[in-house]
Amino acid sequence: MKAGLRLGCAECTTEVIVVRAPEGDVTLTCGDVPFVEVDAVRKGTGHGDANGEGTLLGKRYADDEVGLELLCTKAGTGALACEGRPMSIKRAKPLPSSD
Amino acid sequence: MDLNLILDMAVSGHGDRVAVTGPGRAVTYQELSRGAAAGAALARTKGADAITFVAANHVAYPAALFAAAAAGLPFIPLNYRLADTQLEPLMAAYPRALVVTERLSLPGADPALSLTRQEFLDELSSDTPTVPSPAVPDDVAVLLYTSGTSGAAKAAILRHRHLAAYVLGTVEFGSATEEEGALVTVPPYHIAGLANLLSNLYAGRRITYLDPFDPATWLATVRDEGTTQAMVVPTMLARIVTYLDGRDACVPTLRTLSYGGSRMPLPVLEEALARFGDTGFVNAYGLTETSSTIALLGPDDHRAALRADDSTARARLTSVGRLVPGVEVEVRDAHGSVLPLGEPGLVLLRGEQISGEYEGESALDAEGWFPTKDWGWVDRDGYLFIEGRADDTIIRGGENISPAEIEDVLVRHPAVTDAAVVGVPDDEWGQRIAAVLCVEGPPPATEELQAWIRGRLRSSKTPDIIQFTDELPRTHTGKLLRREVLAWLQATAGDGQDVVSR
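Chains as they are written, first to last, in our numbering: chain S, 3 to 101; chain G, 866 to 1367.
No lab work stands behind these hints, which were simulated from the structure alone.
Possibly wrong hints are sitting among the right ones.
To be verified - Covered, in the sense of this in silico footprint (three residues per stretch, anywhere, with C-beta under 8 Å from a C-beta of chain G), are these stretches of chain S:
id : segment
1  : 59-69
2  : 73-81
3  : 86-98
To be verified - Sample of chain S residues lacking proximity to chain G, with all beta carbon distances greater than 12 Å (derived):
id : residue
4  : Glu25
5  : Gly26
6  : Val28
7  : Asp34
8  : Val38
9  : Val43
Backbone N, C-alpha and C define an ideal beta-carbon position, used for all residues, glycine too.
Full structure from sequences and hints, please.
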């Protein structure tokens, strides 16, 4: 896994980009389904038994144990998990607008 | 991560919002995205290998930037105010570029590849197929000419991954509410203009362009548009406070006013803080090569510094603040050794948003550190102070002297309106200190000004030479062109002035 890698959920519309990559490979799932390459053929229908809150556009999701950070670039219905652990939204202290 | 993905996210998140407004037109994120695809197709049809933008701010500016990204081509905004002789070599370097310009004749541009801003926008309304080969993160997104205060201008290379790292590191996606709007007066060929566009787009904040800038129209536009965020260069803020002449700015909607692009004179900042009521001030420091802002002094920092009793906290008003996430700083001496906190030296930066790359060469060292060539230091709480360009440091009798420190004291003299301090070559001292001043009313005596400095700084920092002039040479963002000041001093030395050597 490398920073900049784009992944999509095989079942729902969720898409993510790897912002910080862990050393070595990890199992990354959305609604318990493994991710595929973003350009792969995907159903985009949603999960049959989605039980999480779904993914939110523009939010960052992190797993500190392996040092993984994702940015959600398209929202969907599945919940993200890394090595079976639910990933939490990373909240950064807001910066004042400098532009 | 690339600019196309940033625009795609903005479209999914807030596609129906107005992205940009300018003279005569408003464009939503959705329209901007469609326009970018059409512009990319146009560039491809014409066989262009880049898109240049040689005009003032306009709705066509973001359209041209994203058209280039959608076509996987570099975007090159150029200073449309340059003389023909200066623009020609720049244009000639990109003979196959699609050119968006308002100039009737642009030397070096191919007429078959040139369009006005309006013609470019008209082309974007046509139905054109999507281009299949958009940029990838390592592609060149923008070539941006640095302001070149110390030599010839050169093009900094900013790749998609650098700009994306800046946006991701400093802006929370979709954090702006629907009523938020930014008023933009920084030029399109400056890194602040480019960074501004990307940040506001990612935050979902409407951008309004005002060009040219004048203080009365700026204040009226902030009130009419209900502007919530604005960015100015120090010369603009100086003109606003001069225009206000002691009155309040009366801009209740303005939440933050950020400034950057060159050093802010402290008297202007203090006057502005008094005139802008509840508006929060943000000092943003960065370079073209660092994809804009790398350090920020926020509204709370400004207020704390104003209220502070101890000198360390109060001095922070002249600091550029603390580093943004993902950027590291080191201060080194001339031999490359890292200096402890508080000691001034050469400022180096590292991080994903730092490019430090020019055409044909990278300025990064083996560990990825970029030498800014700025002279500065970091205080115990991580606040960065920038005293100016390292090349500008005066070495008088072995002592390093920052011209900015002397200038700050000079402009506090009631008669002085602007000041430039430079080192003049000298056989005895290595360099002597010369000050060139603009004054209001009759020029004060040299001895009076020297006493003014001596009373506030060490005597070794007192200028040996003081001259007066009507206006100092500055760049469009207000950066002082010291080498021109020195050349002027040396040229006038022939008129019987004791300048070059004692």
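Do the hints match the structure? See the list:
1. 59-69: holds (count 3)
2. 73-81: With 4 residues in contact (Cβ-Cβ under 8 Å with chain G), the coverage given for the segment 73-81 of chain S holds.
3. 86-98: Holds, because 4 residues of the segment 86-98 of chain S bring their Cβ atoms closer than 8 Å to Cβ atoms of chain G.
4. Glu25: Given a closest Cβ separation of 18 Å, the condition holds.
5. Gly26: Label holds. Min Cβ-Cβ 21 Å, cutoff 12 Å.
6. Val28: The assertion about valine 28 of chain S holds, with a minimum of 20 Å to chain G.
7. Asp34: holds (24 Å)
8. Val38: holds (18 Å)
9. Val43: At about 17 Å from chain G, valine 43 of chain S clears the 12 Å cut-off, so the statement holds.
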